[in-house]
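So the protein sequences, as listed, match chains A and B.
Take numbering that gives the first Met the number 0: the last position of the first sequence gets the number 297, and nothing is skipped along the way.
Take numbering that gives the first Met the number 0: the last position of the second sequence gets the number 323, and nothing is skipped along the way.
Hint data in this document are derived by calculation from the structure and do not stem from the laboratory.
Take the hints with a grain of salt, since some may be wrong.
[As the list claims (entries may be wrong)] Listed below are the simulated EDC-like cross-link pairs for lysine to aspartate or glutamate, each with C-alpha atoms no more than 20 Å apart in a straight line:
1. A/K111 with A/E187
2. B/K129 with B/E116
3. B/K139 with A/E195
4. B/K139 with A/E187
5. B/K139 with B/E171
6. B/K224 with B/D193
7. A/K204 with A/E187
8. A/K204 with B/E73
9. B/K270 with B/E301
10. A/K204 with B/D53
11. A/K204 with B/D69
12. B/K74 with A/E195
13. A/K105 with B/D53
14. B/K130 with A/D190
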Amino acid sequence: MASEDRKRAKKETGRKGRRESRIAFLLPIYAFTVVFIFLPLLYMVYLSFMTRAQVWGFVSTPTLDNYRRILEPVYANSFRVSLRLALLTTVINTLIGYPYGYFMAKLSDRGKKVMMFLIMIPFWTSGLVRINGWIIVFRSNGVLDSLLMGLGITNAPLKWLYSYPMVVFGMVYALLPFMILAVYSSVEKMDWTLIEASRDLGAGKWRSFVRVTFPLTVPGLLSGVILTFVPSMGLFFIAELLGGNKIVLVGNVIQQQLTKGRNLPFAAALSVVLMVMTSLLIALYRRIAPTKQLEGLF
Amino acid sequence: MEYHLRLAGLHKRFGNTEVLRGVSLQVAKGEFITLLGASGCGKTTTIRLIAGLDLPDNGSIFLNGEDITDLPPEKRNVNTVFQNYALFPHMNVADNISYGLRIRKVPKAQRDARVEELLSLVQLEGSGHKKVSALSGGQKQRVAIARAVAASPEVLLLDEPLGALDLKLRREMQLELKRLQKTLGITFIYITHDQEEAINMSDRIAVMHDGLFEQIGTPDEIYYKPRTSYVANFVGSANVIRRNGKTYAVRAENVIFGDLCPGERAQVIEKSFAGGQLRILFKLPDGQMVTASRFGLNSAAEPGDEMQVGWKAEDAVEVLDNGV
Ligand SMILES: Nc1ncnc2c1ncn2[C@@H]1O[C@H](COP(=O)(O)OP(=O)(O)OP(=O)(O)O)[C@@H](O)[C@H]1O
Ligand SMILES: [Mg+2]
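Isolated chain A, as found in the complex:
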């Protein structure tokens, strides 16, 4: 009896020891998360309720003015514009990215490797540099205009730059790889004997796709949607570089408030609202989405 108790006690300390060592492993991760993610966020929320200082920084006088100011048409509008652009970008990304990722997953192993390489190349240079590359192509009398005029298709420079479609193009260009890779990874995992079973049971190619392949790759598509929608709410430099100052997104407003406006608390309030909005959209989306398991996300 007594020896058994002792044994059990020993086992329990052993288990406790193991638990302690696991905590030791997890501690750095928790610490990192708290120091670099949670605390800055908390600080941002705190900042958003403070009053701006005359020159730079803030004074600790609590106020709701920052949030009230967001309701002013100029700022509220930037949210509307951002949301619309993000939605449009995501829709186009889906329309191009799904078939792209699908057919890529159906290539030979060699073909897949080559495509993967080509998709990854742009990530080796800064996004800013790439956008500037597009400016060289699209600006008045730029590469594209010279080409078109050289071929006699047009006879005057076209004004491509600084337009809404140009910004949409830039956003799609920057975010499309994420959609492609998300779709690709889920199509890649497809068990194609299921399609054979579907055909065997009387469904043609297209119906087999609609009833089997597509539902089974929706998780990948949904991850792609989130991976492109969320960042597209914040990619302010694309709108600035390709849209001139015509298209003002929330990100642009935040940036202006931080630099020219020197209004830290207001920038913080804008960021908080943007964050809450995105989180709400994701939550809503997850609720209506037909699947619980988003590929590799959440």
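Add chain B with the ligands to chain A, keeping to what the hints say.
Then chain B with the ligands, alone, in the frame of chain A:
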């Protein structure tokens, strides 16, 4: 007379290997035919051609006299029970079963009734709402069968449907499948590499070897009158004895031994017990090996002993020698 299903000289090559080298077969309506053969001999390839999942390089397939060789799978009134079941993971059991009916736009009420009927046929009453992932191997297999017969195909192709099941369940399912086939009256093309299963279930067996049918016949014919040494050896592991330029098959249970029996002096090499039978391996004076089998555990032969070994002349069946 025109057969229900007819394969005429099917050839199929993958890369440099010729997997099917002229496969021909005639199947009558409602017949239960088993393709029996070792792993890699081309059984799956054969039924994939019948299903339309692959196209032959040469040869034709006829269903009710109509050439279906080049029809896509969805245009053939032939369904398959796949080796790994291939159930749709995003649908429940009932939706899996009614898939073919939904594709054919059968009204919902009719569909539901059919699903109920099939669920009870495969003894899965009340499981229609279950997720496929929640099923055991045996249950998945039944769902796969129910799904394949739902739209009443003319021919059902079954690729080792019992392969993943344990022995006891296998036996049960063999009986159930046979019963099902009788009830439905559908032509079955059944794949297995288990000779007992083939003998138990089939009207006829097609023994396949290296991309060809070596012999097609009733279980009795295959068992008692093997055409080649391969068939003799593969079905029932008969002894293949080569003598005076001729080759004979002698079943292990027909080998007699003892001090007084006629025959030749042989040495006992090994004794083993398997499948309720004692198997004794003898070495004949000319070096050939012969296995004898007996029911029960006791026998006077011990490794190292020498005794007379022989068989009755009528138990030695002359076969074509194909080196096996
Ligand atoms: N798509 C393919 N590409 C290349 N080789 C293939 C392909 N399908 C089958 N083979 C080859 O063809 C041969 C016959 O294959 P098959 O699947 O028909 O054998 P099987 O008799 O069904 O074997 P098992 O009992 O193992 O299922 C094998 O050597 C296999 O490797
Ligand atoms: Mg096979």
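>> Run the distance test for B/K139 versus A/E195: straight-line Cα separation, threshold 20 Å.
In response: Holds, because 17 Å separates the two Cα atoms, which is no more than 20 Å.
>> Tell me if the straight-line CA distance from A/K204 to A/E187 falls inside 20 Å.
In response: 18 Å, holds
>> Between the alpha carbons of A/K111 and A/E187, is the straight-line distance 20 Å or under?
In response: 10 Å, holds
> Would the pair B/K139 and A/E187 pass a check requiring their Cα atoms to be no farther apart than 20 Å?
Replying inline: 25 Å, violated
> Taking 20 Å as the top limit, are the C-alpha atoms of A/K204 and B/D53 close enough?
Replying inline: This hinted pair holds, its Cα atoms lying about 15 Å apart.
>> Given the hinted pair A/K204 and B/E73, is their Cα-Cα distance within 20 Å?
In response: 9 Å, holds
>> A/K105 and B/D53 were given as a pair; does the straight-line alpha-carbon distance stay at or below 20 Å?
In response: Distance ~18 Å between A/K105 and B/D53 Cα, so the pair holds.
>> For a C-alpha distance cap of 20 Å, please report whether B/K130 and A/D190 respect it.
In response: 18 Å, holds
>> Need the status of pair B/K74, A/E195: alpha-carbon distance at most 20 Å?
In response: 13 Å, holds
>> Hint check: B/K139 vs B/E171, CA-CA at most 20 Å. Holds or violated?
In response: 15 Å, holds
>> Next pair to validate is B/K270 with B/E301; report whether the Cα-Cα distance is within 20 Å.
In response: 7 Å, holds
>> Need the status of pair B/K129, B/E116: alpha-carbon distance at most 20 Å?
In response: OK: B/K129 and B/E116 at ~16 Å, within 20 Å.
In summary, the one numbered hint that this structure violates is 4.
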